[in-house]
Amino acid sequence: MKRFLVALILVISCFVLQTTVFQWISFGGIVPNILIILTSTYGFMRGDKTGLILGLFSGLLVDIFFGSFIGFNALLYMYIGYLNGKFHKVFYEEDIKLPIILFVCSDLLYGFLYYIIMFLLRGRFEFSFYFTNIILPELVYTILSSLLFYPLFLLLHKWLDKKDDRRGMRYV
Amino acid sequence: MSPLVPRKGERFTIPGKYLLFILTIVCISLIVVSFNTDALSKPISTVGGFLVTPLQNGISKAGSFLANRKDNLDTIEKLQEENQKLRSQIDELTIENIQLQQDKYELNSLRQLFELDATYESFDKIGARIIAKDSGNWFHSFVINKGSLDGIEIDMNVMAGTGLVGRISDVGPHWAKVLSIIDDNSNVSGMVLATSDNLVVSGNLKLYEDGVISFDKLVDSGDRVSEGDKIVTSNISDKFLPGILIGYISNINKNSNNLTKSGLISPAVDFEHLEDVLVITRRKVNSEEQDQ
Chain Y
2 MKRFLVALIL
12 VISCFVLQTT
22 VFQWISFGGI
32 VPNILIILTS
42 TYGFMRGDKT
52 GLILGLFSGL
62 LVDIFFGSFI
72 GFNALLYMYI
82 GYLNGKFHKV
92 FYEEDIKLPI
102 ILFVCSDLLY
112 GFLYYIIMFL
122 LRGRFEFSFY
132 FTNIILPELV
142 YTILSSLLFY
152 PLFLLLHKWL
162 DKKDDRRGMR
172 YV
Chain G
332 MSPLVPRKGE
342 RFTIPGKYLL
352 FILTIVCISL
362 IVVSFNTDAL
372 SKPISTVGGF
382 LVTPLQNGIS
392 KAGSFLANRK
402 DNLDTIEKLQ
412 EENQKLRSQI
422 DELTIENIQL
432 QQDKYELNSL
442 RQLFELDATY
452 ESFDKIGARI
462 IAKDSGNWFH
472 SFVINKGSLD
482 GIEIDMNVMA
492 GTGLVGRISD
502 VGPHWAKVLS
512 IIDDNSNVSG
522 MVLATSDNLV
532 VSGNLKLYED
542 GVISFDKLVD
552 SGDRVSEGDK
562 IVTSNISDKF
572 LPGILIGYIS
582 NINKNSNNLT
592 KSGLISPAVD
602 FEHLEDVLVI
612 TRRKVNSEEQ
622 DQ
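Here the protein sequences come in this chain order: Y and G. According to our numbering, the first sequence holds residues 2 to 173 in order. According to our numbering, the second sequence holds residues 332 to 623 in order.
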């Protein structure tokens with residue numbers, strides 16, 4: 002229950018941050034995508050099911066406010082959460098390389114799919130333009146901000162784990 | 332044993348891939364439903380608005396305060412430089428102003444003559460503040476802090492200063508989503524003010540970097556339209572009220588079919604630094620009903 006509440010608060014606060022505060026610190030109109038970081042982090046830290054559900058909620062939130070139809074972002078984020086969850090077994094808290102690689106892949110995947118479905122299918126073929134002007138800057142900015150946000154999520158994760166250990170809820 | 336059937340004493344859980352499969356179907360059906368109807372938008376937007384909008388409202392206020400402070404410090408030097416330039420400009424402008432005032436008297440008398448008072452001073456407007464912008468980088472829609480309880484409805488036109496910003500595309504009790512005219516999937520039916528030629532103004536993500544939007548389908552067989560001409564919303568648009576300024580033509584080309592022209596428009600609104608907007612509470616559909 003506590004984990005659920007923490008996740009809910011995280012999703013909402015990340016979304017609010019991304020739509021308000023980050024708009025003020027954007028470089029050339031590009032905003033980092035910390036919802037991807039959150040979804041991906043929950044995926045490889047807590048397994049595919051958690052990642053999937055968290056992704057679904059993050060995506061739904063984006064859809065409700067900014068999507069042209071409901072469910073599309075939810076679908077994308079859900080799959081990203083699920084795929085990241087597949088790396089749960091090879092994830093160690095001390096290792097920073099895997100999370101970064103996963104963030105890069107997740108954001109790239111999101112960018113590519115978004116371009117294909119929302120732009121390519123409407124006849125906007127200049128992929129190189131969209132890649133260098135939207136996907137790549139967003140990727141760089143997202144990775145930079147992940148260096149700030151990932152340790153926070155990791156701390157929170159460790160703290161929750163410790164609480165469960167103390168109450169003897171783990172390994173039962 | 333099938334993974335869906337629990338063993339005795341075990342908690343019932345669905346394996347990840349089944350959950351993924353089920354939720355994928357749910358999402359796809361949501362997409363289909365919301366694409367074809369707007370049955371979903373009301374309940375969902377109410378819930379979302381209840382949870383998130385108050386937070387966005389507060390934070391964007393604080394955020395804009397901080398950003399303004401930062402900008403203040405950054406720009407003091409620039410301002411001093413600009414101040415000098417502006418002083419010299421004032422002189423030029425005073426001279427120009429006198430001329431313009433003369434023109435204005437002429438315009439006023441002409442207007443009375445033709446009984447043209449359908450300019451937008453007559454529209455009822457509500458002021459609103461932008462509280463959130465699109466979370467991704469692909470589209471340019473934003474959320475304002477007034478909603479259906481303040482009298483805002485879908486398809487109402489949104490302006491800033493004298494120019495058109497967009498229209499309301501979604502509305503909750505205390506928030507509304509604005510689809511701006513620079514958004515990549517926005518199309519507005521416009522008109523050249525001088526010659527009354529119709530054209531279609533469409534937003535384009537690629538052109539957005541240069542601060543312009545594109546237009547197309549301008550039939551101008553007499554070659555009367557030129558750069559700098561004013562573009563306003565046209566009478567035949569079904570969403571936009573007629574006569575709202577969109578921008579000025581900055582570039583015009585002949586299409587390869589030799590029948591129509593296309594080109595670029597610099598919008599009248601500075602979309603980079605948009606903070607407050609005005610929502611016109613008169614809808615095109617309503618006003619037609621009223622007229623009849």
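No wet-lab data here; the hints were simulated from the structure. A portion of the hints provided could be inaccurate.
[Claimed, not checked] Straight-line C-alpha distance at most 20 Å; calculated PhoX-like pairs for lysine-lysine:
1) Lys-348(G) with Lys-87(Y)
2) Lys-164(Y) with Lys-3(Y)
3) Lys-90(Y) with Lys-159(Y)
4) Lys-348(G) with Lys-90(Y)
[As the list claims (entries may be wrong)] Per label pair, the in silico range of CB-to-CB distance:
5) Glu-94(Y) with His-604(G): 39 to 45 Å
6) Leu-155(Y) with Lys-401(G): 50 to 56 Å
7) Leu-110(Y) with Leu-538(G): 41 to 47 Å
8) Pro-504(G) with Cys-106(Y): 37 to 43 Å
9) Ile-356(G) with Ile-102(Y): 27 to 33 Å
10) Gly-492(G) with Lys-90(Y): 55 to 61 Å
11) Leu-410(G) with Lys-164(Y): 29 to 35 Å
[Unchecked claim] According to the in silico footprint, chain Y covers these stretches of chain G (three or more CB under 8 Å from chain Y):
12) 384-391
13) 395-406
14) 463-471
15) 504-516
Backbone N, C-alpha and C fix where the C-beta goes; we use that ideal spot for every residue, glycine too.
> At the C-beta level, are Leu-110(Y) and Leu-538(G) separated by a distance inside 41 to 47 Å?
Replying inline: violated (27 Å)
> Are the Cα positions of Lys-164(Y) and Lys-3(Y) separated by 20 Å at most?
Replying inline: holds (10 Å)
>> Is 55 to 61 Å respected by the C-beta to C-beta distance linking Gly-492(G) and Lys-90(Y)?
In response: With Cβ atoms ~57 Å apart, the hint holds.
> Taking 29 to 35 Å as the hint, is the beta-carbon distance of Leu-410(G) and Lys-164(Y) inside that range?
Replying inline: violated (53 Å)
> Residue count check for the region 395-406 of chain G against chain Y: does it reach three with CB-CB under 8 Å?
Replying inline: holds (count 3)
> Can the region 384-391 of chain G be counted as covered by chain Y under the rule of three residues or more with Cβ-Cβ separation shorter than 8 Å?
Replying inline: Check passed, 4 qualifying residues.
> Holds or violated: 50 to 56 Å for the Cβ distance of Leu-155(Y) and Lys-401(G)?
Replying inline: Once the Cβ atoms are compared, 30 Å apart, the range 50 to 56 Å for Lys-401(G) and Leu-155(Y) is violated.
>> Does Lys-90(Y) sit within 20 Å of Lys-348(G), going by the straight-line distance between their CA atoms?
In response: holds (16 Å)
>> So is the region 463-471 of chain G in contact with chain Y by the C-beta rule, three or more residues under 8 Å, or is the coverage claim wrong?
In response: This one holds; 8 residues, not fewer than the three required, reach chain Y with a Cβ under 8 Å.
> Could one say that the CB atoms of Ile-356(G) and Ile-102(Y) fall in the range 27 to 33 Å?
Replying inline: holds (31 Å)
>> What's the verdict on Lys-348(G) and Lys-87(Y), does the C-alpha distance respect the 20 Å limit or exceed it?
In response: holds (11 Å)
>> Holds or violated: the 37 to 43 Å window for the beta-carbon distance between Pro-504(G) and Cys-106(Y)?
In response: Since the Cβ atoms of Pro-504(G) and Cys-106(Y) sit about 39 Å apart, the hinted range of 37 to 43 Å holds.
In summary, the numbered hints that this structure violates are 6, 7, 11.
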